[in-house]
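Turn these sequences into a full structure, and let the hints guide you.
Residues per chain are reported as follows:
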Amino acid sequence: MTILSGDPPRGPALIALLILIVAALALAPFLFPGAKSLNVAATILIFTVLVASYDLLIGYTGIVSFAHVMFYGVGAYGVAIALYGLGAGWGVLLLGVIAALPVSVALALAIGLFSLRVQAIFFAMVTLAVASAFNVLASQLDWLTGGEDGRSFQVPEALRPGFRLFEGRLFGVELNGRVLSYYLVFAAAALLFLALLRVVNSPFGRVLQAIRENPFRAEALGYRTVFHRTLATCLSAAVATLAGALSAIWQHYVGPDTALSFSIQLDVLVMVVIGGMGSLYGAIAGAAIFVLAQNYLQALMGGLSAAAGAAGLPLVAGLLHPDRWLLWLGLMFILAVYFAPTGIVGRLRRSPESSA
Amino acid sequence: MSAVDAGAALPRQKIDIAPAFAPLVIALIAAPLIGSSSTFITLTVAGLAMGLMLFTMASGLTLVFGLMDVLNFGHGAFISVGAYVATLVFLPLAGWSQADSLMPNLGVIALAILASAAACGALGLVFERLLVRPVYRQHLKQILVTMGGLIVAEQLLYALFGPQTIPLPLPTALRGAFVVGDAAIEKFRVLAMAIGLIVFIGEAVILNYTKLGLLIRAGVENREMVEALGYRINRLFIGVFMAGSALAGLGGVLWGLYREQVHASMGGDLMVLVFIVVIIGGLGSVGGCLIGATLVALVANYAGFLAPKFALVSNIVLMVVVLLWRPRGLYPAGGR
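As given, the protein sequences belong to chains S and Z, one line each in that order.
For the first sequence, my numbering assigns the number 85 to the initial residue and increments by one for each residue that follows.
For the second sequence, my numbering assigns the number 46 to the initial residue and increments by one for each residue that follows.
No false leads were mixed into what you were given.
Cβ pair distances, simulated, as ranges: (1) Q209(Z) <-> W412(S): 19 to 29 Å; (2) A155(Z) <-> M416(S): 35 to 45 Å; (3) T210(Z) <-> G387(S): 21 to 31 Å; (4) S82(Z) <-> N379(S): 53 to 63 Å; (5) Q306(Z) <-> L399(S): 19 to 29 Å; (6) A304(S) <-> W370(Z): 28 to 38 Å; (7) A395(S) <-> N279(Z): 38 to 48 Å; (8) A155(Z) <-> G393(S): 38 to 48 Å; (9) A395(S) <-> I243(Z): 46 to 56 Å; (10) Q378(S) <-> R277(Z): 37 to 47 Å.
Here's a subset of chain S near chain Z, in silico, CB distances under 10 Å, partners left out: (11) F150; (12) V214; (13) S216; (14) R296; (15) L353; (16) V357; (17) M416.
Derived DMTMM-like pairs: lysine to aspartate or glutamate, alpha-carbon spacing no greater than 25 Å straight-line: (18) K186(Z) <-> E297(S); (19) K186(Z) <-> E303(S); (20) K354(Z) <-> D341(S); (21) K354(Z) <-> D233(S); (22) K256(Z) <-> E269(Z); (23) K354(Z) <-> E232(S).
Calculated directly from the structure, the hints in this document are not laboratory data.
Heads up, the beta-carbon is just placed ideally off N, CA and C, and yes, glycines get one too.
Right, dumping it as structure tokens:
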């Protein structure tokens, strides 16, 4: 239990679900060969880290940030700009990550010191404004970021699809650079997740939860709430930056739509709420369910929409059109906030206790 | 310090007047940099018009927050809905808006404004009942739920009107510009300024000279006390929420005409500016909101002319500078 920092998932249903997801992710290249399914699995991993770092803010500290994807974008762009400008290489990759981290932390520190000092609700508005300005900036600075087109770049040799670890196959799967990339992402995601689990179960994490429950009381007990809130912001920004770097390594491409857009921020918000705020395990469940739904449910919606159109119900067809996916997501999101604020994790944890 | 004299009037509350001059200072700084006086006048008028439109959209939001501590991230939905309702009014009345005389043109705009305000006010009631009411006093959930409301409203607009941008051409007589000396002043901007000023004066009169306004102001200062005196602040709040939504719809009509096009994402995009205005002005303060809106719009217009690249982040820089000067905004209301 030390590896989980003494905070196991609790609840047999939840443990079963998590084991299922983690096992499927760990064996994804062998269980679900094929470019699309591997991409879905990697996306789940990257979003798990991003959502877990967001949960540190929203679930554990109780502050809402709309700039979390901005830090993710900083990480992605850091790697992209380094690899694009200096050529493929492990050193360059590392340089990109190391350059992106202080940028993110400095931004988080600046935003935190400005807006957390006054009132926590300022933070939500200020982050929204800063994130939108940053997005515009990234799409305007053509020479640095490639503008709206973004940047495609080469990754180090060993991570390219053409690379072979050895000739021949393992369980019928070629061990090419894609599979290696996947396991790099998997290892990094697992490490970051366990590190975050350590943070929330440390004395520092307990103070954050105390601040969430009652900031005045926490302050009266002698904790500097502004300091703790700001530190939490910086920490989660740093982890989000690393998640962004992972996404750049995986996708070989970074652009405003894939790394900075507000719709990703909304996705992250939905994942954290569906999975369960205030429990890092919710990030795994939320990211897995959301990404699977996003990739496979939209096809179903397309089918239903076509059927409704054929049946002479244009309005229903419009509502079920795959592009209206966000409508149903938004409704689901509102219902989840009302009726299941603890998300999947809360539900699965509670059920055995209430029956006992 | 003299002894308290029971007969004397209460000392008047000191009003901090420095922030009120901030827009003037900005204009004075920008004037020599711009150089040409005609350009300066054009930019300033454009800025004031934009500022008053922003004020129309933002004032409801700031009052709702001041009165009930509710921060409505879905406020932008009313802006979009207002603009769409305007297109519905303009469509059957195309004859009025294409006539080359002022009265039918203004008539169609007035009708569009009334329809939008009515629709948004009604929608505000639904929004308040369904989404905001269950999460009073829970900031985190409020932000999440109202954000969800914004997404759903935006997507419903897409589903009903289609994803394309809908043109909303200006009525004929309002196209073009007055030429004063060398400076060109677009006619519609004058109208937008006039409407914005009417809204501000109306709000100021209601807030300062009616019993309703007295209750609202008292509620912003100290809600519990107003409740203890026997007034139902919840009803007051619904009224303010509906009025704020209606004003956002009005702002949406003006903005749609100003851009001459309507799109479902416009409300969400404008929310960023509206939030900056509300933060700069001080949450809960209508006067601060006016000054904040004017500042944001003037800086955006001057910066757009002087340094187009900088204009993209000028709002953020302005916000940072203002918060360094007055950490709670220019005119924070109540104890906030």
